[in-house]
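**Q** Below are the chains, spelled out letter by letter.
Number of protein chains: 2
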Amino acid sequence: MPTYKAPLRDMRFVMNELLEFPKHYETLPGGSDAVEVADAILEEGAKFAENVLTPLNLSGDQEGCSLKDGEVTTPKGFKEAYQQYVEGGWPSMSQDPDYGGQGLPHSLGMVLNEMITSSNLAWGMYPGLSHGAMDALRHHGSEVLKQTYLTKLIEGTWTGTMCLTEPHCGTDLGLIKTKAEPQDNETYRVTGTKIFISAGEHDLAENIVHLVLAKLPDAPAGTKGISLFLVPKFMPNDDGTPGTRNAVQCGALEHKMGIHGNSTCVMNFDGATGFLVGQPNKGLSAMFTMMNAARIGVGIQGQGLTEVAYQNSLAYARDRLQMRALSGSKAPEKAADPIIVHPDVRRMLLTQKAFSEGGRALIYYTAKLVDQVEHGSDEAKADADELLGLLTPIVKAFLTEAGFDSTNEGLQIFGGHGFIAEWGMEQFVRDARITRLYEGTTGIQALDLLGRKVLMNQGESLRKFTKQIHKFCQAAEDEQMSEFTEPLAKVNKEWGELTMKIGMAAMQNRDEVGAASFDYLMYSGYVTLAYFFAQMAQVAQRQLASGTSETAFYQAKIETARFYYQRLLPRTQALATSMLAGADTLLNLSEDDFGLAFEV
Amino acid sequence: MPTYKAPLRDMRFVMNELLEFPKHYETLPGGSDAVEVADAILEEGAKFAENVLTPLNLSGDQEGCSLKDGEVTTPKGFKEAYQQYVEGGWPSMSQDPDYGGQGLPHSLGMVLNEMITSSNLAWGMYPGLSHGAMDALRHHGSEVLKQTYLTKLIEGTWTGTMCLTEPHCGTDLGLIKTKAEPQDNETYRVTGTKIFISAGEHDLAENIVHLVLAKLPDAPAGTKGISLFLVPKFMPNDDGTPGTRNAVQCGALEHKMGIHGNSTCVMNFDGATGFLVGQPNKGLSAMFTMMNAARIGVGIQGQGLTEVAYQNSLAYARDRLQMRALSGSKAPEKAADPIIVHPDVRRMLLTQKAFSEGGRALIYYTAKLVDQVEHGSDEAKADADELLGLLTPIVKAFLTEAGFDSTNEGLQIFGGHGFIAEWGMEQFVRDARITRLYEGTTGIQALDLLGRKVLMNQGESLRKFTKQIHKFCQAAEDEQMSEFTEPLAKVNKEWGELTMKIGMAAMQNRDEVGAASFDYLMYSGYVTLAYFFAQMAQVAQRQLASGTSETAFYQAKIETARFYYQRLLPRTQALATSMLAGADTLLNLSEDDFGLAFEV
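Same order as they appear, the protein sequences are chains A and B.
Each residue of the first sequence is one higher than the one before, counting from 1 in the UniProt record's numbering.
Each residue of the second sequence is one higher than the one before, counting from 1 in the UniProt record's numbering.
The shape of chain A in the complex, shown without the other chains (with noise of 0.2 Å):
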């Protein structure tokens, strides 16, 4: 059964030494709390991530979920579990104060967050499909329904979900056919059906209350008819208990790839009472609200799932016994070496050590924009939303690409054995396959990354941050920072080319976006990478110089940031090439013919 260690030692590289989240705290309302108490925080998630969750991912996995008559078993141990993290406290860690929460930063649930995705994503998806409900209701729920809904989201008695997807549309939402029918009460009747509803029915909380997308009578054709309802499968009474169950149903579990841990319904809504959410009409706003933070938490899990994999299969490489180092015997004591020594089982392990530790830099950066949005002051708040906007898509695509590459390494380490339940590094390949759908598709960040927050402004955003790294490139100029800086700065300014480039040519067609798109986000975020990691190397190279006891951890983050830059940044050459490529490549070929080889 695969083990858990929460990597406090490199989440407090990052937090503290790398991105100075002491020091930013103090610049939030509160912050004070929060650097008294980001260490027991720390202490005590790896506790519950490693004690609680950890031992329930597997038989979680073999477990799944159960449907009979409208009720949903989870696996055995996880309404324990989910009681233990509402005892704790868990839920209301990053809430509004007024509604019962902590009002500690969002980037320490975050934090968090990584260790649950690595320990258990099944099981994460039920308190985090509540958070993203919290957000739509903290930001656009009336004060009544976040009395009556917020506050026990934020206490965890209750649940939330996001109903978007039905039958025939995921990403374009503009198709949606639920109805919601205004009644004299000021509630509506909400009818129709949803699919792939995670958490959508469960037994961990008393309540559940459902975020539905549906569409008033008349409103405008597409996704400028939407508007948002608040669902609760109970209607609660007055003291704020459960009352009388409301006409929304589970009326099936998908059977999945994967995170079979956790419900994925279809929710039935026969003429259920709801609760308008925000303005009419202005839905998908109020969704991207919950919308933007998920991808967020995707990614995370992206990032998560490569750690936990990167554990086990260090574990393995190190344990397993298998052939001799071509360059001669390592171990010659036992009956063969084990295979760490082979350099292509190395080249296996960097890789997903190299994601894990640069995707935890970039999300930890982005959990301090995070921070900023909500709390900073305006000027702070609009430049980081800004760039939130313009990382968000790679945190989301690149870190899950690079989370199923990384769970597939850790599978192949282990050879046959990687490939058999009991292990369970399939399961998290199964488990991080989902990462790279929901939520967006890579295919649609990747149109978000490049056609809205790239092109839409001329480029804008991107030379903010293209500027920012040049900056911090010259500034490291005169340390003995070169083999990171030179490749930095050459990629760096290749981004601005290419992207200029795609522009030129968008203009003449816009399919170059959609023909490019993909490509490009994978460029952005190997630059990302490469940027976080040369800052990660100078403060590494810092400590050393300054004497760190600790010799070893810095030196193994310098030669991590080497063999990313010399292993897997070159792939960014050929994602340049074949960038450019043209969309003429991709559309030459009429629909008709694609099928020639087989159809008659």
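Be a bit skeptical, because a hint or two may be false.
Where chains are identical, the list cannot tell them apart; a pair therefore holds if satisfied intra-copy or between any two copies.
[Said to hold, decoys possible] Below 27 Å or equal to it, Euclidean Cα-Cα: the simulated DSS-like pairs (lysine-lysine) are:
{"#": "1", "residue 1": "Lys490", "residue 2": "Lys501"}
{"#": "2", "residue 1": "Lys47", "residue 2": "Lys5"}
{"#": "3", "residue 1": "Lys23", "residue 2": "Lys471"}
{"#": "4", "residue 1": "Lys501", "residue 2": "Lys464"}
{"#": "5", "residue 1": "Lys381", "residue 2": "Lys23"}
{"#": "6", "residue 1": "Lys179", "residue 2": "Lys282"}
{"#": "7", "residue 1": "Lys177", "residue 2": "Lys330"}
Hints were generated in silico from the structure; no laboratory data involved.
Given the structure is predicted, the values throughout are model-derived calculations rather than measurements.
Guided by the hints, dock chain B onto chain A, whose structure is given.
**A** Frame of chain A, contents of chain B only:
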């Protein structure tokens, strides 16, 4: 449920137009028969795959195999399908007429294999393993063993296995512990535990013939002390019927990520009666007779899964309506455009298409070499054997890596639905995952290619192949082929240069081989497929020039080649850089320091 249509048009293109199989068959003993029946075999094979095997694929995955009282039950319909396979005479197709075979070329069997693997990989492994056993017996078995066992395998009434792996060793077979003690009557008592035995126990056939690696008493240590034994499940009676039960039992079935319809067994040999196959202590070379054919067979699995994933994601991409094309609506009469209008969806479709068609050309070329090794003149045989040795690790590893990526592209096109079992796309991914592992992982193939096949003879074998490519480029110069021959000549030259550089570095440090091998193998695969795409484009251009009526088919072939050259071949750039990064980037980090991020 996924569908499958054998790509007969493209198979005929590769067999007849690209590789001139009819001319090739005339050079083989009994080859005129092959020319005559080839088409009927394609047609009948297609029917069997499409109508019998395809409908059992998803249900076989969901039902899996079960073990009770030592007996394994395969999924519903598997047994009946196997009976039809036997009644159709398929097992005997390419086998020796002296033992009941039809004596048709092996290449025809490999074409059939593509269809079987596309339609039902798990089922296909039952007869697939038999073919490995037949190969070993044909080459190394005594006349008595052949008359007793090979005839039954060829008939298909009995099936075979390869029993190599043990719990503590897979790659490193020198470590095996299974023992074979000689008895008075020229038999042996075989004792030990073998794991991951595909088709080790099942209900399809009346007897199972295990080919087992074991050590004789006082055998030399390591791989030089391994012998090969035949151990039947039932000892045959004199009349050829199965007699008394031998002491070999299936102890357990493995719970696996995929290929659920195939029984993957732990096999316990408790003093089972066995017969020596070939010479004592020469078991490893006998084993490699099975293994080389098996490796190409696994390459076919990678390509076959690519094909079926492509077909199904193409159908979905034409059907699913979602968003409008960025360049303006393509189906204004519908609620949204079919997703095939989106360039990024086409990128994923074309990636699958290119890997399937390029892989098919490479495999069928390899199949031709297999025919020549089996039946060619002495000189042709030696040349074919050398080239086959070089290409085998590329076929095995490159096409399974491409197959895993391609099945994932297929799943991705389905969006969230791809993650749901009923669509069948996630099964292709799970099934494809094993192909990167069994019969030698990708890492092992990479070492085989670079270390053994290329560097061990100072690049001589590779030089012969690159010379062939070079000549092709030169000869094609005056046709309209420069868009292909120029980049091909460039990477072909670079292939030799990279080999030289790594060879030089390896003279200083043998670990440089392992450090470069994975990237080198992938690089080699991309160049090799480019060679076949250039040839296919040439054939297509000639057909177009000669006024074919199938304009669309040949034009599609050229567009696919263009896509490959402009979108996939550039990956060589990244691989060329990273393979030269050197072993230091992998070895500098000490084994202890890999875990400093999380180990306290």
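**Q** All the hints need checking, so say for each whether the structure fits it.
**A** Tested hints:
no.	hint	in the structure
1	Lys490 with Lys501	both (17 Å within a copy, 25 Å between copies)
2	Lys47 with Lys5	within (9 Å within a copy, 53 Å between copies)
3	Lys23 with Lys471	within (21 Å within a copy, 66 Å between copies)
4	Lys501 with Lys464	within (18 Å within a copy, 41 Å between copies)
5	Lys381 with Lys23	within (17 Å within a copy, 73 Å between copies)
6	Lys179 with Lys282	within (15 Å within a copy, 74 Å between copies)
7	Lys177 with Lys330	between (65 Å within a copy, 23 Å between copies)
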